[in-house]
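Chains as they are written, first to last, in the working numbering: chain A, 1 to 650; chain B, 1 to 650.
It should be emphasised that the hints constitute simulated quantities derived from the structure, not laboratory data. Please note: incorrect hints may appear among the correct ones.
One copy or two, it doesn't matter: identical chains are merged, so the pair holds either way.
Claimed, not checked - Only pairs whose alpha carbons sit at most 30 Å apart, straight line, appear in this in silico BS3-like list of lysine-lysine: (1) K640 with K23; (2) K53 with K269; (3) K127 with K177; (4) K377 with K295; (5) K127 with K336; (6) K318 with K23; (7) K318 with K295; (8) K640 with K378; (9) K269 with K336; (10) K169 with K336; (11) K247 with K169; (12) K474 with K213; (13) K336 with K295; (14) K416 with K487; (15) K153 with K467; (16) K169 with K201; (17) K177 with K24; (18) K169 with K640; (19) K336 with K201; (20) K269 with K295; (21) K127 with K201.
2 protein chains.
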Amino acid sequence: MSDQINPDCKVRFEPHNIETIVKKGTNLLWAAMKAGVHINVSCGGEGICGLCKVKINDGEVESIRTEKVSDKEYTQGVRLACQSYILSDLTVTVPIESHLLKAIQTPEKPGLPGISAAWRFNPPVIKFYLELSPATMSDNASDLFRLMHGLQKSYNIENLPVDFQVIQKLPGALREKDWKATVTILLDSDKSTDNENNSWKIINVEAGDTRDKLYAAAIDIGTTTICAQLLDLTHGRIVSEKIIFNKQISYGLDVITRIAYSQKPGGLKILQELVVASINEAIDSLLKNSNIERKDISHIMTAGNTTMQHILLGLDTKYIRLSPYTPVANDLPLVKANSLGIQAADHVHVFNFRPISSYVGGDIVSGVTAAGIHQQKKLTFYMDIGTNGEIVIGNSDWMISTSCSAGPAFEGGGIKHGMVAMSGAIQSVSIDPLTLEPTIRTINDSKPRGICGSGLINTIAELLTNKVIEQNGKFHSHLNSKRIREKEDGVEYVLAWAKETQIDKDIVITELDIDNLIRAKAAMYAGCRTLSRNMGINSLDFEQVILSGNFGSSLDIEQAITIGLLPDIPRDRFQFIGNGSLSGARLAAFSSDLLNDSLRISRMMTNVELSDNNDFMNEYVAALFLPHTDEKQFPSVTEKLKNNIARDKK
Amino acid sequence: MSDQINPDCKVRFEPHNIETIVKKGTNLLWAAMKAGVHINVSCGGEGICGLCKVKINDGEVESIRTEKVSDKEYTQGVRLACQSYILSDLTVTVPIESHLLKAIQTPEKPGLPGISAAWRFNPPVIKFYLELSPATMSDNASDLFRLMHGLQKSYNIENLPVDFQVIQKLPGALREKDWKATVTILLDSDKSTDNENNSWKIINVEAGDTRDKLYAAAIDIGTTTICAQLLDLTHGRIVSEKIIFNKQISYGLDVITRIAYSQKPGGLKILQELVVASINEAIDSLLKNSNIERKDISHIMTAGNTTMQHILLGLDTKYIRLSPYTPVANDLPLVKANSLGIQAADHVHVFNFRPISSYVGGDIVSGVTAAGIHQQKKLTFYMDIGTNGEIVIGNSDWMISTSCSAGPAFEGGGIKHGMVAMSGAIQSVSIDPLTLEPTIRTINDSKPRGICGSGLINTIAELLTNKVIEQNGKFHSHLNSKRIREKEDGVEYVLAWAKETQIDKDIVITELDIDNLIRAKAAMYAGCRTLSRNMGINSLDFEQVILSGNFGSSLDIEQAITIGLLPDIPRDRFQFIGNGSLSGARLAAFSSDLLNDSLRISRMMTNVELSDNNDFMNEYVAALFLPHTDEKQFPSVTEKLKNNIARDKK
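I would like the entire structure built from these sequences, with the hints used as guidance.
Structure below.
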C-alpha cells in the first residue's frame, strides 16, 4: 500500500453504475462496502474464500496475488477485491458470482433429497384478471361491489375481506384500463389460531392484466447473515439471490448479546432498524440484479430464530432471556411491510414462520417443513448445529423439539487456539498411529493460525482412535512423543510448532479444550437422547438424519460420530440440507400447502426445555465420554476402538 | 362598544379554567372561540337563539339586552355572549346548557316513539378481565398463548385474531400488575360481506382491571355540522355532547361543491384534514367536558352521507357526481382512527355505517336503524328533508330508498327573498281570507329580512287555502288587493312592505318562487310515489311517517300536507326523530345487534335512481300542482279547499 500523501480516486462499480470517491490506497472491498456495492466474502476479507473476485476494467490497483486467481483470469484483470488497494481512478466490474454464495442455491425441485418431496405449486399470493362490465345507470353499484361480483362470476370467489388501501385505489385502477384489472389475493394465515380456518383477503388491485408480474421475497434472517431470494411466483423459479451480513453484528455476535442490547434505552429500536436496513439492502440488491420493479413484489416470507423474529417485529425480547423463557407470541400476525420500515409497495405483508419456543424459532419450523419430515413415516432426526443447537425428532405423526446450549466450542469459542472457519484454521487432522505425528490441513492451505470447529472434532476423533487420549478425554500417561507434554494448563498435544505457524506460537489442543468440546457435543447428544427417551425411541433407530446450517456442510460425519456428537447409524442415512430456513421460506412462497404445513408443524411440535431437566442432566453426564459411557449406543465406534489396539500392544 | 385606545383584557372561562388575552371591546363570543371555549349558537351570533348565555362573575361588559335574558337572569349577571363586548378583565361561567344543542338530546331508552324499540344492550366493544397464572418452567408458553388460554378458560372465547399492537404491548401489560389484565375486543363487522359471518378481534390489552373505563364516541358527520356524543359503554349512557360546524364549510355549502373542490389538486386531502380536525375538536371538547381520558375511548362510530364518508376515508368522490353515480365502496372496512389523523389511542377503530348508494348514505341507514323500521311490520315512510331529500319506504320485510334532488328551495335557495332559518326570516304566515292581509312571524320576532323554508311552505299553503293562488301555483287574476301586483318578474304577493323590513325593500313571493317550491316538493313527493308504486303501495297507506333532520323539527305538518309535500294521512302517524343519524350511531354503539341490523338494512335496501327514471318524471309532472293533479291522493286537502270557497263566492 502506498504511503505517500493520498489523493482522491474515483471508483465506478459495474453493472451497478455506482461511483464513490476514496483516498488512494484504500482497500477495494472496503470501497465497495462504502459505496453500498455488496461483494460477498465468507472469509472476512482474508483473501481465502476467493468469492470477492472483481474485474478491473480501467485504472490501477496494487493487488496481492493468490492461487484463487488463475493465470488466465489474472491477465483478464481479475483480482480479489479484499486483496486489492486502489492506486488510481477505477472502473470495476463485479461479476454475478461475486454477489452470491453457493450455500443458498438449494434446489427446490420436488423429490430432491432432504427437500420436502410432495408439494403442489399453489402460492399464498395469487393474481386474478378481471374484465368487468362498465357501470351504467341501471347498474351503478359501487366499484367495490363490481369488483367482488366480477371475482364471483369469473372465479367463484366470494366474500373476501378487502384491505383498505385497495378501496382507496379502486376508482382509478378500474377505469384506467377500461374496467380491466388484476386483483391480488393473499392467504391470511393468521385469521385464527385454528389452522382449518385459513382464509384469503384482497390486498391489491392494478389496472390491466399484470398476472405475469408476481414476485415474492424469501428471507432467512440469521443472527449473522441475511439470505434472500427473489421468487417468480408465476413460473415457480428463483430470480436472484443475495447474502449479506446482518447489520446487527456490531451489537453482538449471538442472540444473547442482542437481547442484552435491546434492553438498553432505544436499543430494540436500533436493532429493529438495523435488521430492516439489512433486509432493504438485500431486496434492493435482488431487484437490481433482476431488473424487476419493486411494486411487483407482492409478498415477503421471513424465517428466523425467535429473537430475530421478535426484533424484526419490535417485540420485547426481555423474557426470552429470563427464566422461564417465554416469547411474546408464537402466532405472529401478518404485518404490513412498510409499517416495519421495509421498502415495499403498500400492499405487501410480511409472513413470519411460527416459532415454537424462545429458542426454537421459525427458522427451525421452516427447515423442518423444507425437509418434509411431516410428509414421511420415516423416523427423522433434524439438527441445526451452532452456538445454539436446535434438534427436532419426529415424522408425519408427531414431532418434538429442543434447543441445546452447546456453547461456542463448535465455533472455536472457549478453545485455547480456537477460531472461526477462516484462513489458516486447521480444519482436518490425521495422526500417524506409530509416530503420533499429525498431518494437518488448513483452510486455504496457509500457515496455521488456529483450529476451527470441524478441525477440533477431527483432532479429537484422531486422538481417540489412535489412543492418544482416553475415552474420558484425558491423555494416556505412558505415551512417548514430544508432541505430548505437560504445561501449566495440564497435558496438551502440539498440532503445529511455532515456526510452522502464522502466530509464532505452538498451536496445541489441551485437555481443557477437549473437555470443552466434550461438553458441547454432550449437550447436543444429550438433547437428542432426552427427546428420544421422552418418546421411547432409541437414537440408533433414526431412519434419517438431516443436518441444516452452514456448519453442517463442512462437517465430517464419520468423525462427528466417532466423538459421539451424531448417533452411530449407517452413514447413508445422513443428509445435508444447506440453509433449511431459507429453503422453507422459498417453498412456502411456492406452496400454500407447505405454508399451512409449517403452521401445523409448529403447533404439533412438543417443545422440551432442557435447562432444568433432570433426564437431560443425566444424559449429559453420561455423554461426557468419548464417544459415550454407554458403548452400546456407539457400536461401530466401539468396534473401531477395539480393533485399533495397536498402540496398547506396542 | 368603546372607541378609545384598546388595552388588553384577560378573560377567564369557567368551568374550563381557560384564560385568554384580548383587546378591550372584543366580542365575548369571539373571545371564547379564540380561547377554544365552545359556546353553541344556532343563529350565527345574531342574538336571536339565546343559546349563548353566559354568566359574568367578575368584570364589566357592554351588552345589548335582548328578551332572551329575563330580569332575574340579568340581575344575576347573565348575558348573551354574542351581544357582549369586553370592557375589563373578566371571569365568565359558561353554563352547561350553553355547550349543548337540544336537538341532539334524543332519548335512547327503548320504547320511546320513533326510536328503535327492541334492542339488547350488547356493545360492539367489550372488556374482559383476566387473572392469569404466571409463567413457570413447566408452563412457559408465549404471553399471547397465555392470554388466549385465559380468555378460553374464563370466558369460553376462542380463536380470536389479535391486532399486532396488542402483541407489541403484551409483555409489559401482563406483568405490570402481576398477570392481571383487561382485554378489549371489537366486533369486526367487515370480516365478510356476509353478515352471518361476523366475528370479533382483540384490539387492546391493559394492565389490571379497567373494565369500568370503556367509552365510545358516536359522531354524525353532516355536511354542515359535526354532532358528537361521548358514550359510556359500561352503563349505557351519554356522558357529554357537542355540536360544531364542519370546518369544510368554507369550501362549499353542499356536497356537490365539496366534491368539486376535492377534485382539485390536493383538494381531497384538504377536505379530509378539515373533517378530521372537526372530529378532533369535537372529541377534545367531549373529553374536556367529561373528565375522561382519551385512552379510555375504545371505539368511534360515524354516520354521514356518502360524500362525507368518502372524504373522511380519503376515497375519490369523483364518480359520486358523474353519471352513473357510483360510490367507491359500500362495505367500508374498519379503519384505525389514527391512520385517518383522528387523535385517539392506537387501538381505536372507526366504524362507518354502510352507505346504500352515492346519494343515500350511512346517515340514512343509521337513522332507519334508530327508527327501528326493520323491527316493525308497520308500513313506514322515512324522510330526511334538505337540499338532498332522502326517502326510505318499508318495514321489517323489505325497504326501498332513493334520493330526490329537491334543490335548495327548502333552505331558501333560488327564492327571491329566500334565506336560511335565521333572525328576521319569516317562518310563519297567516292570510286573512277577506282582506288578504298577512300576519307574519319572524324568527326572533325581529323586522323581516326574508323567508325561510318553513315560511315558504306556510305562505304557499295560506295563499292556496285562501284561493289567492290557483292549484297550479298561479295567482288568481281577479283578486283585488294592493298586495298582489304584476312586476317585471310576473305576479307577486307582498308579505312585508319595505318600511316594515330590515332591508328597505318589499319582501315578496313571486310566481317564480312558488314554482320553485312546487318543483322542490314535487321532487320529494314524486320520489315517495315512485318508490311506493314500485312496491304496489298507495302512499295513503303509510302507517307511520318518520321525519329526520333539523328541518324536520320546525316543519308545520298540516301545511306541508296542504302543499303536497307530505302524504295526506292522519296527522298522528307523523313522528319527528331529530338527528336520526346520530341516534343510530349511538344506539349501534350500545348494541351489536343494532349494528348488525344496520348492515342488514343497508344490504336489504333496494335503491332506486330517479335521475333518468320515467316513472319518476311522470310522477314529478303530476305533482307539479297544489297539492297534486290527482286529488284522490290528498283527500283532506281537497275537502278543505272545497269547503273554503268563500273567495270564489264573494
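Right, here's what the structure says about each hint:
In this assembly of identical chains, the alpha carbons of K640 and K23 never lie at most 30 Å apart, being 60 Å within a copy and 103 Å across copies at closest. In this assembly of identical chains, the alpha carbons of K53 and K269 never lie at most 30 Å apart, being 36 Å within a copy and 52 Å across copies at closest. Only within a single protomer do K127 and K177 lie at most 30 Å apart by alpha-carbon distance; the minimum there is 17 Å, versus 47 Å between protomers. Taking CA atoms no more than 30 Å apart as the test, K377 paired with K295 passes in neither setting, with 42 Å inside one copy and 53 Å between copies.
Proximity of K127 and K336 under a CA criterion of 30 Å is satisfied in both settings, with 19 Å inside one chain copy and 27 Å between copies. Taking the shortest alpha-carbon separations for K318 and K23, neither the intra-copy value of 44 Å nor the inter-copy value of 58 Å comes in at or below 30 Å. Taking the closest pair of Cα atoms, K318 and K295 come within 30 Å of each other only across two copies (26 Å); inside a single copy the shortest separation is 36 Å, beyond that limit. Taking identical chains as interchangeable, the C-alpha atoms of K640 and K378 lie at most 30 Å apart only when both belong to the same chain, with a minimum of 28 Å there against 96 Å between chains.
For a Cα distance limit of 30 Å, the shortest separation of K269 from K336 qualifies both inside one copy, at 17 Å, and across copies, at 23 Å. Within a single copy, K169 and K336 get their C-alpha atoms as close as 17 Å, and across copies as close as 18 Å, so both meet the 30 Å cut-off. In this assembly of identical chains, K247 and K169 lie within 30 Å of each other by CA distance solely across copies; the values are 26 Å between and 36 Å within a copy. Taking CA atoms no more than 30 Å apart as the test, K474 paired with K213 passes in neither setting, with 63 Å inside one copy and 68 Å between copies.
For the homomeric pair K336 and K295, the shortest alpha-carbon distances inside one copy (14 Å) and between copies (24 Å) are both at most 30 Å. Only within a single protomer do K416 and K487 lie at most 30 Å apart by alpha-carbon distance; the minimum there is 13 Å, versus 114 Å between protomers. Taking the shortest Cα distances, K153 and K467 never come within 30 Å of each other, neither inside one copy (77 Å) nor across copies (60 Å). For a Cα distance limit of 30 Å, the shortest separation of K169 from K201 qualifies both inside one copy, at 16 Å, and across copies, at 26 Å.
For a Cα distance limit of 30 Å, the shortest separation of K177 from K24 qualifies neither inside one copy, at 54 Å, nor across copies, at 61 Å. Proximity of K169 and K640 under a CA criterion of 30 Å is satisfied in neither setting, with 71 Å inside one chain copy and 57 Å between copies. For a Cα distance limit of 30 Å, the shortest separation of K336 from K201 qualifies both inside one copy, at 13 Å, and across copies, at 18 Å. When the C-alpha separation of K269 and K295 is checked against a cutoff of 30 Å, the pair qualifies both within a copy, at 27 Å, and between copies, at 24 Å.
Within a single copy, K127 and K201 get their C-alpha atoms as close as 12 Å, and across copies as close as 28 Å, so both meet the 30 Å cut-off.
Figure legend: structure checked against the earlier numbered hints; hints not met, in rising order: 1, 2, 4, 6, 12, 15, 17, 18.
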